[in-house]
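**Student:** One-letter residues, chain by chain:
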Amino acid sequence: MRVTPVSRLSIWLDQHWRSAYGSYVEMRRRPLATMMTLLVIGITLALPASLLSLLKISQSMTDDQQQSASISLFLKNGIVNEKALRVAADLELLPQIDHVELLTSADAMDEFRSHSGFGDALDALDDNPLPNVLLIHLLTDNGSMDIKKLASELKQESVTDSIEYDQGWIERMQAITQAIRRAVQALGFGLGLAVMLIIGNTIRLEIMNRREEIEVTRLVGGSDDFIRRPFLYIGLIYGLFGALIAWLLVSILLMLVSGPLGRLAELYDTTISLSTFSLQALLLLIPIGISFGLAGAWLAVSRHLSSIDPE
Amino acid sequence: MIHFENVSKRFPGGHYGVSNITLEIESGALAFITGHSGAGKSTLLRLIALLERPTRGQLLIDGRNIGRLQENEVAAHRRKIGLIFQDHRLLSDRSVFDNVALPLHVRGFPVREVGKRVRASLDKVGLLKKEKVLPITLSGGEQQRVGIARAIVSRPPILLADEPTGNLDPELSHEIMKLFIAFNQLGITTLIASHDLDLIKKLDRPVINLQQGELT
Ligand SMILES: Nc1ncnc2c1ncn2[C@@H]1O[C@H](COP(=O)(O)OP(=O)(O)OP(=O)(O)O)[C@@H](O)[C@H]1O
Ligand SMILES: [Mg+2]
Chain A
1 MRVTPVSRLS IWLDQHWRSA YGSYVEMRRR PLATMMTLLV IGITLALPAS LLSLLKISQS
61 MTDDQQQSAS ISLFLKNGIV NEKALRVAAD LELLPQIDHV ELLTSADAMD EFRSHSGFGD
121 ALDALDDNPL PNVLLIHLLT DNGSMDIKKL ASELKQESVT DSIEYDQGWI ERMQAITQAI
181 RRAVQALGFG LGLAVMLIIG NTIRLEIMNR REEIEVTRLV GGSDDFIRRP FLYIGLIYGL
241 FGALIAWLLV SILLMLVSGP LGRLAELYDT TISLSTFSLQ ALLLLIPIGI SFGLAGAWLA
301 VSRHLSSIDP E
Chain B
1 MIHFENVSKR FPGGHYGVSN ITLEIESGAL AFITGHSGAG KSTLLRLIAL LERPTRGQLL
61 IDGRNIGRLQ ENEVAAHRRK IGLIFQDHRL LSDRSVFDNV ALPLHVRGFP VREVGKRVRA
121 SLDKVGLLKK EKVLPITLSG GEQQRVGIAR AIVSRPPILL ADEPTGNLDP ELSHEIMKLF
181 IAFNQLGITT LIASHDLDLI KKLDRPVINL QQGELT
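Protein chains in written order, with the working numbering: chain A, 1 to 311; chain B, 1 to 216.
Hints may be right or wrong, so weigh each one.
One side of the interface only, derived from the structure: several residues of chain B facing chain A at Cβ under 8 Å [what the hints assert, rightly or not]: (1) N72; (2) R89; (3) V106.
I should point out that these hints are in silico values taken from the structure, not numbers from a laboratory. Where a beta carbon is used, it is the ideal one built from N, C-alpha and C, also for glycine.
Assemble the whole structure, with the sequences as input and the hints as a guide.
**Tutor:** Here is the structure:
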């Protein structure tokens, strides 16, 4: 055998391919046990992954909300439109404010009429009961403290009847999301360790089953690397396919919630693309599955292979 | 090539497998190892294959003191040796072909070379037609020949056989010994532990006799 770099690479590839394929064949020989293990791994990984996806979705919705943060300023009765426009122009000069929209009582009435279906009932009213409203759109990079301060300042204005802004619940939501995210991360780490142990234990059994083969391989001069390799591939395959099953489960879950979530998103005037979250989950699950699989295999192999010795 | 210098193997518990062996086996030689049961024949062979480590003395192979080899050098050492056991040690769930191919796989031979060499090796022991079957479907003598094919397939410089004819009939035993002699003529240093004194006498080769772990 002449050993050129190219033939060395091809031998290396050939050996790895053989190990990987051999491991696959070995797993195929016990399809039921293999499928059960894969399912357990998949479900275990799917749990934190789906929680994380849902969190990301809710976060993206509140993020959009923050970008359109606005204050509704209800003008006192009797403020005429010209005055209202002047106030709006003055407010637009403030640094925190992007632009100000005037929603007159007539506009508001039209909108209400067309959306609510109470048209006839409204016609019975003599007066338009709705106030003029200034919709104050804030600049996106505003800190939340500024919004509170601005709101209380606006409240002092003589034209102001009342102020409404919805920053509060967004903040609460973000704080809750943050807390849940931490919890999910901790849970994910714990379940990742569980996956590692499941794979480690599966490989321990595999090593015990193939004791004779390992002994004979040692007798004919198989190196530790050579003996270790198929077991590491088994760990890798379990991790990879477990991750794919987890991804499938997460995608099914996302599909199930896509209907209600879509309506929710419409209400908040945002759009969410579930395929993005599904892809994100895949990109997260595959490296995690592979590394926990390899780690579990490595653990089992380093603990149990050395105990099998023809000596 | 194989040089024992005051080599002893003391097992935990104080029992000696071999003691104070000094012995030189030339490259390309063929020698028999004889002695009663428990005399240390297997221990001697196992020391050479590093299945046991000497507890005293030096065991030099190709000038290297193998008693000093690190754990991660043992596999490379074993690749210089073809091992044959009385109980064959074949893998029962693998075909004859796959059993014989194993030493080539651990050496990283390319697939095509593996096929050629395995068939050449099976041909030498007369089992070319049996490559697809499982070892259990073979007779004891055939299984022994599969073990021999596996030992020679990588063309190692040293061949060690521990009672390769242990429970075969005299005729078959002779056939197998003739196989070893044929390999030895290709330059493989060969050591065969055996009880079969009649057969050994007929073959007229050097004999290493052990008694309670010592050379006589
Ligand atoms: N692992 C071991 N632990 C303790 N003592 C051992 C061990 N292996 C062998 N011995 C002892 O060493 C001595 C030599 O054993 P060995 O197997 O080399 O004998 P042998 O000549 O091959 O015998 P047989 O012809 O029965 O195979 C025996 O007394 C045996 O009891
Ligand atoms: Mg013996």
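**Student:** None of the hints should be skipped; say for each whether it holds.
**Tutor:** Status of each hint after checking the structure:
| no. | hint | verdict |
| --- | --- | --- |
| 1 | N72 | 7 Å, holds |
| 2 | R89 | 6 Å, holds |
| 3 | V106 | 4 Å, holds |
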